[in-house]
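S.K.: Taken in sequence, the protein lines are chains A and B. So that you can map any letter, position 638 of the first sequence is 638 in my numbering, and since no number is skipped, the others follow by simple counting. Count along the second sequence from 1, then add 1000; that gives the number in my numbering.
Everything hinted at is true.
Some chain A residues close to chain B (C-beta under 8 Å, calculated; not the full set): (1) Trp8; (2) Glu25; (3) Leu26; (4) Glu29; (5) Phe32; (6) His33.
So the derived list for chain A, only partly shown, Cβ under 7 Å to chain B, looks like this: (7) Thr2; (8) Arg4; (9) Ile65; (10) Gly68.
To be clear, the hints were calculated from the coordinates, so they are not data collected in a lab. Just so it is clear, CB atoms sit at the ideal spot from N, CA and C, and this is done for glycine as well.
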Amino acid sequence: MTLRELVWRAAAAVRLTGTAARERELAQELRFHQEMLEARHRANGLDALEARRAARLELGGHAQIAEGWRDQRSLPAIETLWQDVRYGLRTLRRTPGFTAAALLTLALGIGANTAIFTIVDAVLLKSLPYPSADRLVTIGDRTADGFSSNVGFTTMVDWRERSHSFDQLALLRSWQPTLVVNGEAERLEAVRVSWNYFDMLGVRPALGRTFTEAEDHAQTWRVLLLSDRLWRRRFDSDPSIVGRTITMNDRQYRVIGVMPASFEPLNERQFFSVEAEIWAPIGYELNGDSSCRSCRHLRGFGRLKPGVAMSQATAEMNTIRAQMRREHPQDYDEGSIAIVPLQDALTGGVRSALLVLLAAVGFVLLIACANVANLLLARSVTRQRELTLRTLLGAGRLRIVRQLLTESLMLSVTGAALGVMFAWIAADGLGALAPVSLPRIGHAAIDARVLIFTAVIAVLTGVLFGLVPAWRSASGSQRTLAIDSRTSVGGGSRARSALVVADIVLALVLLAGAGLMMRTVASLTRTSPGFNPDGILTMAFSLVGQAYAEDPAVVAFQDRTLEKVRALPGVTQVALTDQVPFGGNYDCRGFHVKGRMKPNPVDDPCIERYGTTPDYARVMGIPLLRGRFITAEDTISSQPVIVVSEATARLVWGDADPIGAEVRAGNATQGAWRTVVGVVGDVHHADVTQPVTAAFYTPQTQLTDSYLVAVVRTAGDPATLAAPIRQALRELDPSVPVYDVATLPSLVEKASGQRRFVMQLLAGFAIVAVLLAAIGLYGVVSYGVVQRTREVGLRVALGAQRRDVLALVLASGLRLVLAGVVAGLAAAFGATRMLGTLVFGVSPVDPATFAAASATLVAVALLAHWLPVRRALRIDPASALRAE
Amino acid sequence: MPTGKSDVLQGTLDLMVMKTLETMGPQHGYGIAQRLQQVSDKVLQLNQGTLYPALLRLEQRGWISSRWGTSENNRRARFYSLTRAGRRQLQREADDWNRMADIMTRVLGGAPANPAKPLKEDLS
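Just chain B, with the same shape it has in the complex (with noise of 0.2 Å):
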């Protein structure tokens, strides 16, 4: 049951996150912000620090996982990594952004970016 979503810039960098860790697996705080830096085409102004406190709350709900690893540089780092939990949240939230994402473009005026997707989906 996720909360906070009054909280958009919240709820998104625990998406983002989470769709990296899905994307590229197991991975380190700095390995998350440099490939979110990297996507946004470093259009987004994150301020790394932020991703701590996110990465804690995800791994109390459960969503992720975190162990001590070896990083490529071989230096001790802390990796984290999507549990299957987190996969099906991870599911749920990028339905719900798509929905919200379509119901803002049709009220903004344009046409729906994505016809095809049924407004109402139960996945779970």
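Same shape as in the complex, but just chain A (with noise of 0.2 Å):
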């Protein structure tokens, strides 16, 4: 067969082509050929009826030509498939409540595994958008959650040359340099990166060039790279751009390139930088301040060379770390290397909080079809009569299981692309819930991967939901055949009581999961953070230029700050701080005390410091246990001091008393020892599921930052006070520049956005679970009922009360619904094990939780028993009994 004949003919199949014309068009050519047989045999002598005689025979029976002309016109296969199809949707038309009911139970299933694959396949699946992304990683000493952690400068250039996994070893760190313009002050996310970071990446500028090894040096780095984006936006797309200097903290920058604007850079907080508009070079030298090995403020990348496993790179780098460890004892711990891939670095917060999401939304499908199956067998009795005079006029099984799976097929395929528009319309919803916290979330989009995963499904599920049903269907059809149609109904009523239970497991485990997330919420809003951020405002500015080189001119900056912003209508309380909680920045520093001190002080632990004004910890609400709290005596020639946290204390002190010990915070072995003079209370730095962390404070007078924080107390909604603060920062010095403006109860709320994200998801699913687990139910019951009509009036004409009805149909159902919890909390305590670590404050097998789901789901059971409890109470014996 030709591929023009195969077109044609499949075109004729589904009757694209004018098919009765065609034929009326053959039977007039066999018309014309049967007379001109006729007028030759009658000139030939033969008489009308021997010429019609001898010319059929001739020519052929019309019926039979006819039939072989159209099995060579069209494809039966496709032909017998129309057919299908199109009966298919007379019956579906035919039965427009069961359709709808169908239609709307799979939108809701596949629409909403669309919109999560949507979340999942953008965040987990997708390659990042660099040239072979696989062999791009993180590396670093491996971390307690298996992560790679930061780096010292020394460190990576020693690894550089001893190693030889890498076609590239890379690295990079923050940088918020200001940018000046017509004295309007705007502080830019920006990143100093190694001169080989972008041929890591394998990216190119879109104007100039990338940075050289001669650029990447402590005299020759103020060289930029920007983004498009602050191209377009600073700088009015100028494409001479390239050459021009620009002014950032009171220096000159050569720009050398821009970067085109599908670059994405790794915009992630780990990774320093959430927006970052800028690239220069780091510009370390290895006898430089920063450069030291144990001044890990770096993150490592690298390019694994071609054919290089990671487990074979990791293993050369832990032989190379041993080599550095023996050579500077004092800079490395014992510890391993962690070499993790770039995606996995970037999305492994969020991997099992989506999967779990995954799981869920698929329960929610399962559901779905398990619904949809009921639908179509309680109508397969109905249809039993139909099938069983298709059988009699002699459509074989497979034939009618054909029908019925183009049939479930149909709805499948139908309620998919429902289902998309669904998505569609649920992803912007969707994005808004997210939390910012989801990396690449931007990726999200209902696409050609989308849509082939969504036609995936909706084939699997019309298969699953739709064979057993037509099975059942097309055996059905032939043992009826020769018995009364009307005594067939019973068929089918055991397989949709498993159906119905089924439903309740899965809706059981999802509720289980959804009450276990909103106690896991519950009790982060109950967790207090060591802190009372009610009240409070946050806002960061740095000091930084040639007019702040010096601290005493940054602590007087910072005693009119804090003088004018306390004068402020509406504020109560400021103070100052290099950082807060919840602020998203770390300042661990080493805690050396003397008398204290490991052999080997590397291994004295690591304390989170807080560098704050005297007010600090009254504004914050941290309680003071002992001693006292950093005051307005502690200056800058004073006794230098510090104040430690209850962990601390515990930590290094254990139950001896920390007032009076001498600390090196930083470097054990020079700088100023500072006294402990009190102890405060603990607060969470970052995540109130973590243990508390161990903090001290610092004086800002003694030890002084550039980048600062205010903490505001205000009186009323903090938010509106942000523009008075920031306009008085301003009347002080417009070349400072503002940012990072936020309410503290946003910060810490923001910290649970997974969570809270995962448990309003899985709310929702548990809801839509439910019901499609009621309307299953309520099928079912109700079905029974009318079942039981006679016998039920047979019971009331015999006396039975109102009582023994409402126990005989309540009893039918709850049958259901009890097999269903059994089954179901033995399915909830395997499967809720898989939310981990998300789970917070509650037992992933909570019994509360796990009763309160069960009984949740007993009384929506109950509820879905209402209407036919009512019509088996309405059932009248005399015409119950009549009706049969």
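Both chains are sitting in their own frames, so use the hints and assemble them into the complex.
M.R.: Quick look at the structure:
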């Protein structure tokens, strides 16, 4: 068969070409042929009748010719399919209620799966937008959660020299330069990178070039690459920008290139950048202040050589690390290297949450399938007569199964189409609901990949919910061939009960999961972070440039800021600090106590430092436990002091009294010894699900920072004070940029964003699941009542009370509910473990939650009995008995 | 790509129809049937009805085309004619047929009917 013939015949099979007209033409042709033959025979002397017979014999029967012609004309297989489709359409149109219910259920189930898959695909599955992105890794010491820690500059220099597994090893550090244009200061998000960073990623600039090795030095590093956005926003898309000089932090920088608009920086807080717009070389020298091996403030990246496995590279780096530890025991603790694929490093924090959601939404789809299968089974009873008739007329079992499967596939495919529309609408809502910490969410889109996924689940669900009912119906129609069709209605009720039980099991698992997450969010809210965030506004500003090169200038500005802000109406208290809890920053320093240092000081604990002004503890509501907090008497010239948190005291001194002890922070061998003068309560620095953070506090006067956060306690809504405070700072010095303005409660809440997101979605899925289960149950129970009308009538006639009828109906349904709850609890015991560390403050098999979930389900199940019970109670024995 | 060659009769009929259309120009079904009877000296017992599925098949493959016209006795009739693709196909099939006939002749012990003709020939 040629392709052309195939197309022609397929088109004919689905009636794209006019069949009736073409058949009429054939009849006309045959008539002409017949008449010509007759005419010839008459000319040869036969009479009219003989001529017709002879012609008929030569030509053959018209019906047989037309039959052969039709076989040639189209494709019997496609023709049958097309018949099935048209027949299915007619059937579905005839039962609009059934069709609407099935389509809605499927659209909900498939739509929810499409929506969640869209997110999962964007975040976890789509590869990073760099060439051979699977070879990109992060590298550093292994942290407790299996990722890689920050590294020091000299360490990386050694790695480059000694390792052979990488094409490139690159570094990155944070940088927030201040650009002043027309007197208006703007603090920019930027990163400093090793010169080979862009080569490692495999990206080229749109204008100009990337950095050279010669530019990555202390004297030469003031060259810039701009993001496309910054170039458009601040430089008017100037095509001659390359080579121009711009001023930041009172210094001159030369622009050497502009990155393309399509370039996606590694915008993640863990990579020090959220919206990086400028790149400059790191510019360290081996002997520089920030270059030491233990100065771990850089992120390490690498591009593996082709063919080098992750494990191979890790083994090599561990060998190198052991060598380096032998050479520099002061700088490296015991420990090991973690090489983590860049994609995992980016998305590792949300992977388990997304997989939980994907599993949950899969459950919803299974419930939807069970429900539609149930509807099909219910309908197959009423269709038994029709199917029996078709069997009588010669349709085989396979033919009928095929017909019914075609119908269920039509349902699932249409449902999927509706579901995609539903997901498309839901996508915006999900985007709004998603916590900001969901990396790469910007890539979420209903694209070809998502549509293929949806198409596959549409077909799978169609077969899943269609096959059993179809097979049962087909067998049923064979069995009942000879039997009076009115008595054949019992088939399928056991299958339907099983499906309802499955519904309840799945719904209970989802309910239990949602319940656990609700309790998690409740205990997160209940858990005190160790301070009182209510009514506090935080606002960052930086004092950089020539004017603030000396500490006294910074301290003087701090004093003026405190004075001015305190005077604003609505402000009750104000303090400054280098960082706030939940602010996303860390300032962990080696904590070396005189007389208590480890043989190798590198093994001393790393304690989180806050550099604050005297009112900080009072503003934050952190309780003073012993001694005193920082006061105005702690000045640049007085005895250096520190205040420790209770956790620090316990960790370092155990039961001994820390007050009076002397401590060096950061550097064990030089710098002032600071005397411990007080102990304050503990705070959680970033996450209340983790143990409290060991911390210490130093006075801003004695350890002065240029990057500061104002914490302002306000009488009313803290957000309304943002503008006046910003204005006050501008009046003090317009070149000081203000950024990261946020209320402290919002920061604390954002930290639990991922769990809230999981909780909200799980709750939504659980509601849908319970509703679907209730609908399925209602269907089975009410059908049972209709079936048993006669029995109920008889019982009532024989003296059964309303109570007995009620018990009869409830017993039929509650039997299923109880079976479902028992099996569901068992399933939930296993399934809720999937939630893992997402659950906080409650056991993943919390009995109270499981009991509440079961009770909710039973209550909804009872509601589902409401209408069937009412119908049963209204049965009139006389008419019920007469009906049959 | 011709298929159904195992069905010798069907392939033969297609070939005969195309040859007829090449020799006689556009023809209606009756005309083709008469010509086949005549050429075969009535040896060929053709059930003339089988022509019509064959004509449809050839048309689907794009080797012949059809249009309505007026017959010699002024009746409306459907006329079939060979397309360019059909002409090429006819050439190919005729060569195949001749080659097969040669082989059969040799196998059955006679002399080749046309020894000058090469056995392999690429005309496409």
